[in-house]
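J.: What follows is each chain in one-letter form.
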Amino acid sequence: MAVNTRILKAEFEYFTPDNFHKALQLLDQYSPDVKVIAGGTDLLIQMKKEVISPRYLINIMKISDMSFIKVKNGWLRIGAATKWREVVEFCAKDRKYAALYEASSSVGKVQVRNMGTIGGNLCTASPAADSAPALLVFNGRVKLANMQRERILNLKDFFKGVNVTAMTSNEIMTEIQIPSIQNGMGSAFMKTTRVGADISKINCAVAVERQGDLCTSCRIGIGAVAPVPMRIQEAERIVAGKRVDTSLVEEMGQKAIEEIKPITDIRSTTEYRRQVASILLKDVFWKAWQRAGGKE
Amino acid sequence: MKKKTVHFTVNGEPHEVLVESNALLINVLRDELGLTGTKYSCGTGECGSCTVLVDGEPVLSCLTLAVAVDRTDIVTIEGLAEPDGTLDRVQEAFLDHGAIQCGFCTPAMVMMGRDLLNKNPNPSESEIREHIKGTLCRCTGYTSIVRAIRSCSK
Numbered sequence: 001m002a003v004n005t006r007i008l009k010a011e012f013e014y015f016t017p018d019n020f021h022k023a024l025q026l027l028d029q030y031s032p033d034v035k036v037i038a039g040g041t042d043l044l045i046q047m048k049k050e051v052i053s054p055r056y057l058i059n060i061m062k063i064s065d066m067s068f069i070k071v072k073n074g075w076l077r078i079g080a081a082t083k084w085r086e087v088v089e090f091c092a093k094d095r096k097y098a099a100l101y102e103a104s105s106s107v108g109k110v111q112v113r114n115m116g117t118i119g120g121n122l123c124t125a126s127p128a129a130d131s132a133p134a135l136l137v138f139n140g141r142v143k144l145a146n147m148q149r150e151r152i153l154n155l156k157d158f159f160k161g162v163n164v165t166a167m168t169s170n171e172i173m174t175e176i177q178i179p180s181i182q183n184g185m186g187s188a189f190m191k192t193t194r195v196g197a198d199i200s201k202i203n204c205a206v207a208v209e210r211q212g213d214l215c216t217s218c219r220i221g222i223g224a225v226a227p228v229p230m231r232i233q234e235a236e237r238i239v240a241g242k243r244v245d246t247s248l249v250e251e252m253g254q255k256a257i258e259e260i261k262p263i264t265d266i267r268s269t270t271e272y273r274r275q276v277a278s279i280l281l282k283d284v285f286w287k288a289w290q291r292a293g294g295k296e
Numbered sequence: 001m002k003k004k005t006v007h008f009t010v011n012g013e014p015h016e017v018l019v020e021s022n023a024l025l026i027n028v029l030r031d032e033l034g035l036t037g038t039k040y041s042c043g044t045g046e047c048g049s050c051t052v053l054v055d056g057e058p059v060l061s062c063l064t065l066a067v068a069v070d071r072t073d074i075v076t077i078e079g080l081a082e083p084d085g086t087l088d089r090v091q092e093a094f095l096d097h098g099a100i101q102c103g104f105c106t107p108a109m110v111m112m113g114r115d116l117l118n119k120n121p122n123p124s125e126s127e128i129r130e131h132i133k134g135t136l137c138r139c140t141g142y143t144s145i146v147r148a149i150r151s152c153s154k
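Each protein sequence line maps, in turn, to chains A and R. My numbering numbers the first residue of the first sequence as 1 and each following residue consecutively. My numbering numbers the first residue of the second sequence as 1 and each following residue consecutively.
Bear in mind the hints are in silico, worked out from the structure with no lab data behind them. By construction, the Cβ of each residue, glycine as well, lies at the ideal position given by its N, Cα and C atoms. Where hints are given, some of them may not hold.
[Unchecked claim] Simulated DEER-style distance windows between Cβ atoms:
no.: 1; chain 1: R; residue 1: E127; chain 2: A; residue 2: T216; range: 35 to 45 Å
no.: 2; chain 1: R; residue 1: D73; chain 2: A; residue 2: E89; range: 40 to 50 Å
no.: 3; chain 1: A; residue 1: T168; chain 2: R; residue 2: P83; range: 47 to 57 Å
no.: 4; chain 1: A; residue 1: K93; chain 2: R; residue 2: D73; range: 26 to 36 Å
no.: 5; chain 1: A; residue 1: G294; chain 2: R; residue 2: R89; range: 39 to 49 Å
no.: 6; chain 1: A; residue 1: K295; chain 2: R; residue 2: S124; range: 17 to 27 Å
Please build the complete structure, drawing on both the sequences and the hints.
T.: Encoded structure:
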């Protein structure tokens, strides 16, 4: 059935708490029929299409301590309600975060990066979320809170399925944390899309460390090729601890094809995703590898 | 649904509007304030036609709740020209370069051109293309649009 996207038919109560404690109280009070809204670039589309119809919306964009980006004791900490534009601006200044810079600057378009937030991207839990592969290769964690407690989850344990996360309906994501990155680690992110500003068909990030030709560590994050963004550790193990050459990287690409579980949808077929994921991974690997060797 | 009073300025003029919580900014601008220069097209964040500036940054008014822009400063295409009708340089350039076909994307293209030039007075062609990447022209008139924005660089 055609949906009139000109209007938002859904009816709901809307709250704009100005502090974090109030937001948690409201969540607790109205759970499970409540959704947190940040940029709204995913949520409002789902509501227009009547995929979801929460009765209560809590806008967190007026809570100042949910939007920040800073390095503390070597850890990068990003408030969940930090807009893409701010993530891009911060990461542009430090090439340590190259994969996150490339991922965040590739999200949507200028308008979407002015609205959408990095926490919203994760909480929507699209298999194609562009922030996920980059945060996965940096061993990112997320901090969640409800009225009773705070907890920290590794990002790889956060995604549970298509649009499903480990969060409960009275929890809120407060921040994203990235452990300190070794000097000399090289990282990169790339994706393929149908047209310029579209959801990724496949996205991929790699972070590597090397000593000369020897790959001392390798992490690969890949999205839109399984129900959740994932690390592909068998492919990682092909190169980690070995002398890197073209045939080894070729082998890594082949292993990736075995590890991913892509579907056919409006953007790509399973077969296409298998073939192109392998090629994309090899390209991203070489870019990260060059960077780890001190070359741009 | 309880109605809420929202205060914002649009093109320099203060407004107080009473809105339902599900009212979208685009519809408040078009239907309540009569500012029909901002266009509705896809409604799902694909096309960029509904772009307006909120606190100086371009956003999609079809995916913005009116209640979320309380106490902000909004600029629409109607706010670019001087009060005496003198067009903005970007608008003039679109006319000079014939950067308009059906005209439906034009308000958003002009807003994106203005936004880019505000931040980067001398953008390259690739910077222009990157900036208008998510603002779609179904007539595919991109070459003239890029040329028009380029001609405004210092």
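J.: Would you mind marking each hint as holding or not holding in the structure?
T.: Structure-based check of each hint:
no.: 1; hint: R:E127 with A:T216: 35 to 45 Å; in the structure: 37 Å, holds
no.: 2; hint: R:D73 with A:E89: 40 to 50 Å; in the structure: 21 Å, violated
no.: 3; hint: A:T168 with R:P83: 47 to 57 Å; in the structure: 53 Å, holds
no.: 4; hint: A:K93 with R:D73: 26 to 36 Å; in the structure: 28 Å, holds
no.: 5; hint: A:G294 with R:R89: 39 to 49 Å; in the structure: 44 Å, holds
no.: 6; hint: A:K295 with R:S124: 17 to 27 Å; in the structure: 24 Å, holds
When held up to the earlier numbered hints, the structure conflicts with hint 2 and nothing else.
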